[in-house]
Amino acid sequence: MNTRNLGIAAVVVAMALTLTAWLAYRAGQRSDPATESTAKAERDVLYWFDPMVPDKRFDKPGKSPFMDMQLVPRYADAVPTSGVKVAAAAVQSLGLRSQVIVPSQLAGQVTASAAITWDLRREARLDTAVDAQVVRLWIKAPYESIVAGAPLAALEAPAWASAIAEYLALRDADSAEARALAGDARRRLQRLGLAEADIRAAERGGQRTAQVIVHAPISGVITELPVREGQWLRPGELLARINPLASVWLEAALPQAQAAQVAAGGNVSIAIDALG
505 MNTRNLGIAA
515 VVVAMALTLT
525 AWLAYRAGQR
535 SDPATESTAK
545 AERDVLYWFD
555 PMVPDKRFDK
565 PGKSPFMDMQ
575 LVPRYADAVP
585 TSGVKVAAAA
595 VQSLGLRSQV
605 IVPSQLAGQV
615 TASAAITWDL
625 RREARLDTAV
635 DAQVVRLWIK
645 APYESIVAGA
655 PLAALEAPAW
665 ASAIAEYLAL
675 RDADSAEARA
685 LAGDARRRLQ
695 RLGLAEADIR
705 AAERGGQRTA
715 QVIVHAPISG
725 VITELPVREG
735 QWLRPGELLA
745 RINPLASVWL
755 EAALPQAQAA
765 QVAAGGNVSI
775 AIDALG
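First residue of the sequence shown: 505, per the numbering used here; consecutive thereafter.
If you are wondering where the hints come from, they were derived from the structure by calculation, not from laboratory data.
The beta carbon of each residue, even a glycine, is placed where N, CA and C say it ideally should be.
Accuracy of the hints is not assured; some may be wrong.
Cβ-Cβ distance ranges computed for the label pairs, FRET-style [unchecked claim]: (1) Ala619 to Met556: 51 to 57 Å; (2) Gly740 to Ala705: 43 to 49 Å; (3) Pro577 to Ala764: 42 to 48 Å; (4) Leu754 to Ala628: 17 to 23 Å; (5) Ala673 to Gly734: 29 to 35 Å; (6) Val772 to Arg732: 39 to 45 Å.
Can you build the whole structure from these sequences, using the hints too?
Right under this line is the structure:
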């Protein structure tokens, strides 16, 4: 009899536990929608977006058309962030320090190899307008210095001799008509390349010689002297080239990628190894 009562009691207890569990489950089911609606009411979704393409907004959740990932909601109470956040532990382990950013202009610096060359705007090129022979050279080799007015070479030309003789004959003629042509003959001497000093020397001395001394027009260095004594020169052929030392050029080999960093009027620092 006792065994039967114990069995009945066990069945009753099991049924009571089952009923209690079922009631608790039903109560939870009824409370979940309310909780969800409350949470939803607490955080309103403004739109959904793809974190990889944050500029595009969507009005409903789903899969991103750009990336293989779900759209992320943007809540109304979310605080917008405009920077990068680093955890405090990472800041401490990396030894990061913060500094106030001050707007300023970066001073660019360009370094390039350069060479000192002649100022080509000031060089003097000496040649002849007629066939002439080099009778004498006062300077024998290039890269010798010379001062303005110093004799450089003595030249003789048959065309000069005939033109000087014609001019002096017309100047000293008794006929007024002949003397009137002396001006044209003098201008012809200038066109043949004779300097004013050479013409005046012929006028003073009455010389009808064809020899003319070429003087240096400027001071500097004779950088080219391709002639020798006794050599004949054709019209326009180079006799000598003189470059002054008053100013020189500095030609820099600037890379094309750095050309935009250089502007006219900028300051330049020059270091010459030969001068220490």
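Status of the hints after comparison with the structure:
Separated by about 54 Å at the C-beta atoms, Ala619 and Met556 satisfy the suggested range of 51 to 57 Å. Between Gly740 and Ala705 the beta carbon distance is about 25 Å. The supplied range of 43 to 49 Å is therefore violated. About 47 Å separates the C-beta atoms of Pro577 and Ala764, a value consistent with the hinted range of 42 to 48 Å. Look at Leu754 against Ala628: about 21 Å separates their beta carbons, and that is inside 17 to 23 Å.
Between Ala673 and Gly734 the Cβ separation comes to about 31 Å, which falls inside the hinted range of 29 to 35 Å. For the pair Val772 and Arg732, the beta carbons lie near 42 Å from each other, so the given range of 39 to 45 Å is met.
Hint violations for this structure: number 2 only, all remaining hints satisfied.
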